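Protein sequences, first through last, are from chains V and G.
Last residue of the first sequence? That's 496 in our numbering, and every number before it is there in order.
Last residue of the second sequence? That's 1116 in our numbering, and every number before it is there in order.
Among the hints, erroneous ones may be present.
[Said to hold, decoys possible] The calculated lysine-lysine pairs, modelled on DSBU-like cross-linking and capped at a C-alpha distance of 30 Å, are:
no., chain 1, residue 1, chain 2, residue 2
1, V, 96, V, 348
2, V, 181, G, 1053
3, V, 430, V, 96
4, V, 422, G, 1115
5, G, 1097, V, 151
6, V, 348, G, 1053
7, V, 151, V, 348
8, V, 362, V, 348
9, G, 1053, V, 101
10, V, 434, G, 1027
11, V, 395, V, 494
Note that these hints are calculated values from the structure, not bench results.
Treat the numbers as computed from the prediction; the structure is a model and nothing was measured.
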Amino acid sequence: MITALPILIPLMVVILLLMVGRKVYWLKLIGISGAFLLFLASLLIFYTVRQEGILVSQAGGWPAPYGITLVIDLLSALMLLISSFTAFLVGVYALKGIDEKRHRFRFFLFFHTLMMGVGGAFIAGDIFNMYVWFEVMVMSSFVLITLGSEKQQLEGGIKYVTMNLMGSFLFLAGIGLIYGKTGTLNLADLSMTVRESDQTFLMNSSFILFFMGFGIKAAIFPFFFWLPSSYHTPPVTITALFAALLTKVGVYGMIRFFTLYITDINPFWQNLLLVLAALTMVIGVLTAASQYDIRRILSFHIISQIGYMIMGLGFYSAFALAAALFFMMHNILAKTGAFLVGGLIQEKTGSFQLKSIGGLFKEHPWLGLFFFLPAMALAGVPPLSGFFGKFFLIKGGFEGQHFLTTAIAIWVSIVTMFSMIKIWNEAYWKPAPKDLHQPASHPLRLKRTMIVPVAVLGFSTLLFGLSAGWFMEVLQEAAQVLKQPELYIEAVLKPV
Amino acid sequence: MEIMLSIITGVLYTAGVYLLLRRSLVKLILGIIFLSNATNLLIFISAGMTEGKPAFVAKEGAEQTGQMADPLPQALVLTAIVIGFGIVAFTLALNYKYHKQTGTYDLDQVKETDKV
């Protein structure tokens, strides 16, 4: 029962939200309480998984390879926990960060369908089921990205929708082929079939389709162009939500599939992952350096940091895998924080363009602090979380003797620092340009519901870094489960 | 039957990709529809077809005569078709809104968001 909570809670909230109509007060109240309830449920699930191991439930009571299986292992539980935590904070920010019109058009409804898709994708134990949750997720994100129908949004929406649909079609085609080859779609059953087969090369045609499908959603190197041309168009709250969740679900899918199916170190897949990871990191970070819009800089950095996660997956050792998971969790916190601070800057000055803002540090030192924490965490300054994420990844790389890729990762880290310092210099230290909308013409006081989530995210990156040892232990446990698919298979396929 | 359907799938994929690369927004949506249906057909074919046999198990006591068709790919395709409907409805609404705002269907105009 507890296994299905990440789907059931958002579903209940969506039904309630549909019942209250367009009363903004109730929409906000139900929406935010639902997000909090989801966070509590994720805590409960995390605790249960730590106590009892992998949770499995069979929908409809059909035994495993035939019915729809929901599985929560430690990785899923951690992803649920961190995603519902950030989503709750983004929800709090959205109370004032999203205008009334968009609230009336039921922002929170699509927020919760998005969470339902994300939660479903994390707990699905069946490829087709996973595809359906992916689809629920991207459909809600289509609506969110175009909510409000501004010209920029519609334009970004066209690119976003087209590319994501391509990803879905490729993923679906892979599912069709793999069903034809093996006759099963259950993740665990399929893993067993692949491991017992002596013709695993036959699976490659499906896996490359899966790889491209997940690659488009995760925005890795040749497939990332939709992300920077659409992420800066909706209100920054929505961008922060997307940055926290969507690409990471793609990375989660990749980690899940690669650990279940590519069991021995296969040079083809490893080289593919490492080369694409290196290119993703370099191109993301270099294009970010040329931008002057805060949201676009941060969007390009999403791509560069996806490269780090893929690199950790490509190193293939249990330690590097745990490091990739650590980096992913750090990135969810820090990136969301950075985007939300971007939103605060825009509230204050009326612009995202670095050239037309400045002098913020003199006016609002604390705003500087809240930006400083996530930005330096992204760049990898100790003792913030990004330092440990990168440190573990680099250690994993040296242990696996992948010196070139690791060297590129270190270099990319320095360029990331450059971009973050650029935002810092332009927005905070540079004297304000003369034609700036002075606070007099923009007397808006920042709302407390907008500052608190930003502060919590900033300090949680600090806390995450300071307690890196404990988290790394949990994550290594999760990576151990991933490296031994037998545990997963046994938990799912054991007779009820 | 398989050969014919395979050819149709190939044609649909080709036409879909061709339409995606055209400049018109409407043709882009047609391309999406083609690709979506091509994928549905691909699932259907690759799961193997059993001609003339329904996907039913024989009644209790009665003898199961011969093969029965696999019901799973049919269920998958049905789900995928429904999702495809949703997608098409959304893209058409997007198309309508975009045209109302800008008065153009030309995809070459869709480059505002990529400017530095």
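Tested hints:
1. V:96 x V:348: Judged against 30 Å, a Cα distance of about 14 Å means the pair holds.
2. V:181 x G:1053: Distance of about 21 Å is within 30 Å: holds.
3. V:430 x V:96: holds, 29 Å
4. V:422 x G:1115: Between residue 422 of chain V and residue 1115 of chain G the Cα gap is close to 19 Å, so the pair holds against 30 Å.
5. G:1097 x V:151: holds, 9 Å
6. V:348 x G:1053: At roughly 68 Å apart (the allowed maximum being 30 Å), residue 1053 of chain G and residue 348 of chain V break the hint.
7. V:151 x V:348: holds, 23 Å
8. V:362 x V:348: holds, 13 Å
9. G:1053 x V:101: violated, 54 Å
10. V:434 x G:1027: violated, 47 Å
11. V:395 x V:494: violated, 37 Å
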